[in-house]
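Asks: The hints should help you fit chain V onto chain S, whose structure is shown.
Sequence lines, in order, name chains S and V.
Sequential numbering from 4 applies to the first sequence in this note's numbering.
Sequential numbering from 4 applies to the second sequence in this note's numbering.
Treat the hints loosely; a few may be bogus.
Which copy is meant is left open, because identical chains are indistinguishable; a pair holds if it fits in one copy or across any two.
[As the list claims (entries may be wrong)] Cut-off 30 Å, straight-line C-alpha distance, at most; resulting in silico cross-link-like pairs (BS3-like, lysine-lysine):
(1) Lys539 - Lys250
(2) Lys222 - Lys539
(3) Lys250 - Lys21
(4) Lys231 - Lys539
(5) Lys468 - Lys89
(6) Lys343 - Lys250
(7) Lys250 - Lys5
(8) Lys343 - Lys478
None of these hints come from the bench; they were simulated from the model.
2 protein chains.
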Amino acid sequence: MKTDIEIAQSADVWPIEKIASQVGLKPEEWEPYGRDKAKVQLSEQSQENKLGKLILVTSINPTPAGEGKSTVTVGLADALMHQKHKTMVALREPSLGPVMGLKGGATGGGYSQVVPMADINMHFTGDFHALTSAHNTLAALIDNSLYQGNPLNLDPRRILWKRALDVNDRALRHVTIGLGGPTSGVPREDGFDITVASELMAILTLSRDLTDMKQRISKIVIGYTYDKNPVTVADLGVAGAITTLLKDAIKPNLVQTLAHTPALIHGGPFANIAQGTNSILATKTALQLSDYVVTEAGFGADLGGEKFLDFKAPLLGKVPDTIVIVATVRALKMHGGEDKQNLKTPNLSALKLGLVNLGQHIKSMKRYGVPVVVAINQFTHDTKEELALVNDYAKSLGVEAYVADVWGQGGLGAQDLATGVVQATEQAESQNFQPLYQPEDEAIVKINHIVQEIYGGDKAVLSGKAEKQLATFKKYGWDKLPIIMAKTQNSLTDDSKRIGAPKNFDIHIREFIPKLGAGFLVALTGSILTMPGLPKHPAALDIDIASDGQITGLN
Amino acid sequence: MKTDIEIAQSADVWPIEKIASQVGLKPEEWEPYGRDKAKVQLSEQSQENKLGKLILVTSINPTPAGEGKSTVTVGLADALMHQKHKTMVALREPSLGPVMGLKGGATGGGYSQVVPMADINMHFTGDFHALTSAHNTLAALIDNSLYQGNPLNLDPRRILWKRALDVNDRALRHVTIGLGGPTSGVPREDGFDITVASELMAILTLSRDLTDMKQRISKIVIGYTYDKNPVTVADLGVAGAITTLLKDAIKPNLVQTLAHTPALIHGGPFANIAQGTNSILATKTALQLSDYVVTEAGFGADLGGEKFLDFKAPLLGKVPDTIVIVATVRALKMHGGEDKQNLKTPNLSALKLGLVNLGQHIKSMKRYGVPVVVAINQFTHDTKEELALVNDYAKSLGVEAYVADVWGQGGLGAQDLATGVVQATEQAESQNFQPLYQPEDEAIVKINHIVQEIYGGDKAVLSGKAEKQLATFKKYGWDKLPIIMAKTQNSLTDDSKRIGAPKNFDIHIREFIPKLGAGFLVALTGSILTMPGLPKHPAALDIDIASDGQITGLN
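With the rest of the complex left out, here is chain S:
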């Protein structure tokens, strides 16, 4: 059996100008990056195009290996293309840290991939590198301000802006900097996040244009003064320079699937501490260029899905026309209590018990008034009986389910799913959309809506610190910002070990992190790692390149 990179490397990749002309881009609307990648910036005229239909791919609570959302997204888009619908894919960019670590890349898999696979997984068009540069340039300017007499009266113990690298490096989580005597800065505690966790990543993916981006960057709170007043990038006077460093990164990237479906891949914020989907500019550009756009949101419907509907959709000015919930037999067996080692073994009783996880996500997504379908991402070891059980369960909740073999067959394995999705979108009426909460609701009201209607729990419980923070935020005028829940992706609760669809639980908010540039408050439940580590056997050990440039071992 061929590996993902072998399939990708043997692909017939079209020159990017062919893809650009296929989607109707004018020559001045795109710039090549190599022969098979481009950056896109629509003219004002093209921005007035009628928007296509939007299909949001989300999932049940995943196993650590993921349930193949990107693969289904790509396969579904290819299937729509096979059915002669003008379609585009909108995905997030992979982070290099996990590529060298355990998880591998994020370009789909098998015969449902975007290409050039190795390039997209490594440096792509340099967006993440530009973010890393911009992030650390801002950090250096902050420490330089401390060193040059501290004119902003910044408290070195209360600086919020850490440093960032696109690498899995646990040794950089907690560091002390500024050591080495008076010519080498002011000593203080600091830490590094992985680049995708940077507030600049969230900002890049939320900005309408350069002006919007510069305004957002100006508002970033970098820390507090000794008398506890917030200090922003505007106070430091460097929003222009930081925006300048992101002038190209703001443009969406055009590539193609193995079946030559055009794909915009842009940005990659986490779905816990940020909104977890590709950029608003990329999604909107895709909607302006095609009749169907298939996009995904990170982690399960409780994280990425909820954030897409409550936070991204209002900014995008467009709600999905259909929501696809990806489920796998293996993950549902895990939710039924089966051991992670045995998920390949047929087990109807565990599967039956685990279906409630899918049930909760169907219920929570249906609540928005958007048509919902289930995609069962088929694995070779799934039995007919297992697949039928999931199918029947979905039907019992009034939702159609379709088995899709996108890994093994690409778009040809998702024909039924594509037909079902098109039918569903035809029933969609955007005026039916039911927002979960109102912008003017108090933070605790917003959070309780999420806990009760999305997670199926009882209520949120705030720590003393979180309570106190909300009081302070009220003073600063931050208390009505949208809420971004940072919660484990493995459970509907805030305890990663609680599988299935628990009832009668509370969600514990430890603290809030204000992200004024991105324009939201992160509500932190438990500890969320913003700098991953490498495993005992990192993927880097298996990656190699031959003298002719042929790469092996990249997943």
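Replies: Only chain V this time, still in chain S's reference frame:
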């Protein structure tokens, strides 16, 4: 008067395919990066082209502002193009840290620039970002090995491989990492270098191809075991992954000057702790594509010049056909004792005293048996008498000098220089080349040749530590490696305050740094900063971007 970026932004920049076709590149030999940049990889057939003539631009010991070597390099190349010679420029890539700090960019100035200026000064085609990623991925893999049971028996106190960022950030010079308890790594002292100081930068610019690069990366010494044996990247098993991250960075970048002279800009190692010139691949590619190649070496002839002739030329397989020494009236006045604040004021007596600095560089460069000419880089405040004095002095040493106004007039300001250089190259005979030392000479013999014949000093004095290191290196078989002198650029001595051409001095070698991947020993005199800091008023404060993408304040 227009600023550099205003001149660059109003330039008529040709599409890169026009430049590529002008230099005779076949379509499969280049890839676009945007509309005005490309990466180049010659076919085997083109690599057999006859090599053009090589002109090396170096300088006297510079003032902190630099003497305009890049500007002269670009202006001279444009002048050669005006005279119908098929010419290319080969330059280093600018580092982003100084662009945001004090020094500004490194793309020439006035009417002698390479474009697109802002892109080249910021992210360009991502080479430095790829190096930063590769460098820090290796660092993360080292700390992960420590964390996962330390199978290589690495002594955490003797790890040589630091971390790297392309930013001026003094607070990262000395840090402690791995804090935060047992799940966040092994605590140890560490530090960050600016990316251009990474050994990977030296390796990138020395490698013939991917295979050569992988072999060099394998040999990097990352630290020592508890029993003091060297540990390499090969021992860690990740040379393949690190090389894979540099698969595109190894390809030279094609851009153009304001006058459309094709320019290859690639790599940017320091000229103190590394060889200080653009990549061997770029220089060779330029030589294979044109009749004249104008290139520069960092800092003065005592640093970049010497390293080019003694270290790069043998690897390149080509010695320069002419050496151009750039001198400015202002720097020579400084060498004559004039205060840095008064360098714009005419002062013939200070100038006369300072000429000895030029004299020593003429003498040291002539000693290699390569024709030497002097380019007087003209500033608006230079008087006729001052320029004539420099001219006469050069003549008295048997060398022609030419006044060049490349900043104000571009190539038109360097016509005489170009004519003189062409005449000089016609006298060049490569068999006349006289190497400074033999590869098999002992380290101390090599260093003494440099001290006596290039710096005009007496001898090198080794510290106890350096003596001991040489004994250890003999054991490891490292003692015959080429020597890279890390010395202040401001003086011929190892004391930055000693101007002119001092006599009767020793050079003090504090310690050696083995760079087995790059293939040299750095001989450290005094303290060389490998992570710069930001000034009180960083350039970032003045940089801005308008809604239409127009950039201001970038120098």
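Asks: Does each hint fit the structure? Answer for all of them.
Replies: Comparing the hints with the structure gives:
Proximity of Lys539 to Lys250 under the C-alpha cut-off of 30 Å is restricted to the inter-copy arrangement: shortest distance 26 Å between copies versus 38 Å within a copy. Within a single copy, Lys222 and Lys539 get their C-alpha atoms only as close as 40 Å, which misses the 30 Å cut-off; across copies the closest is 23 Å, which meets it. For a Cα distance limit of 30 Å, the shortest separation of Lys250 from Lys21 qualifies both inside one copy, at 25 Å, and across copies, at 25 Å. Taking CA atoms no more than 30 Å apart as the test, Lys231 paired with Lys539 passes between copies only; the shortest distance there is 25 Å, against 42 Å inside one copy.
With identical chains, the CA atoms of Lys468 and Lys89 are never at most 30 Å apart, being 51 Å at best within one copy and 70 Å at best between copies. For the identical chains of this complex, Lys343 and Lys250 are neighbours neither inside a copy (45 Å) nor across copies (38 Å), given an alpha-carbon limit of 30 Å. Taking the shortest Cα distances, Lys250 and Lys5 sit within 30 Å of each other only across copies (23 Å), while inside one copy they are farther apart (39 Å). In the homo-oligomer, the alpha carbons of Lys343 and Lys478 never lie at most 30 Å apart, since the shortest distance is 48 Å inside one protomer and 52 Å across protomers.
Of the numbered hints listed earlier, those contradicted by the structure are 5, 6, 8.
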